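Trainee: Throw the hints in and build the complete structure from the sequences for me.
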Amino acid sequence: MRICNPYRRMIHIAAICGAALSIQGCAATGTAPLSAAEARLGLDTYRLGAGDKLRVTVYNEPNLSGEYAVSSAGKIAFPLVGMVDAAGQTVEDLSHALTLRIADGYMTDPKVSVEVLNYRPYYILGEVQKPGQYPYVAGMSIEQAVAAAGGFSYRANAGRVNLRRMPGAAEKSVQINAGQIVVVMPGDTIRVLERYF
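Throughout the sequence shown, residue numbering follows mature numbering (1 follows the signal peptide of the UniProt record, and there is no 0), covering -27 to -1, 1 to 170 in sequence.
Quick list of simulated restraints, FRET-style, between CB atoms:
1) K26 <-> R128: 33 to 39 Å
2) T81 <-> S45: 31 to 37 Å
3) K26 <-> A76: 24 to 30 Å
4) G123 <-> S86: 36 to 42 Å
5) G39 <-> D77: 18 to 24 Å
Read the hints as simulated data drawn from the structure, not as lab findings. Remember, it's a predicted structure, so these values are computed and weren't measured experimentally. Yeah, the Cβ is synthetic: ideal placement off N, Cα and C, and Gly gets one too.
Mentor: So this is what it looks like as structure tokens:
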């Protein structure tokens, strides 16, 4: 004859509920953690995208030099050469591409430089006081971005957010206040999730 201990049964039920909740939490976010290399990304590795405003200088050619915006299609319209792909490129890549296009029948040995005048905004969504689009500020951390959006709402999971670095990329999970400062990049989407309890 087996004697049933009521405390043993309660411990089993609590363990099953705890396991179910932890599985539900993993499935609900479905995100991998942000790697240390991704957290350290800086403007030196920045890839251009729609909404960036650029200054292109073609030395000794003031008619070609000027300010250009990266279109929603990821291109800039440049005199003489037409549409040039910019999205996904570094400023060095774009400078090289423009140099080749201008040298192809328009100028001999052109010198082209590209710099970003205004970076595209970042976005913060979910459980913050003022979700929306915000202007990029160099060196801003995720915590500072949350503060710019009025702080966490009372429903927010203040210990973890999801971050998408590039449009169409997978979201990554970022732990807040873990001794690791994650710098916001232009075009980032930060999503603050609701806590479970």
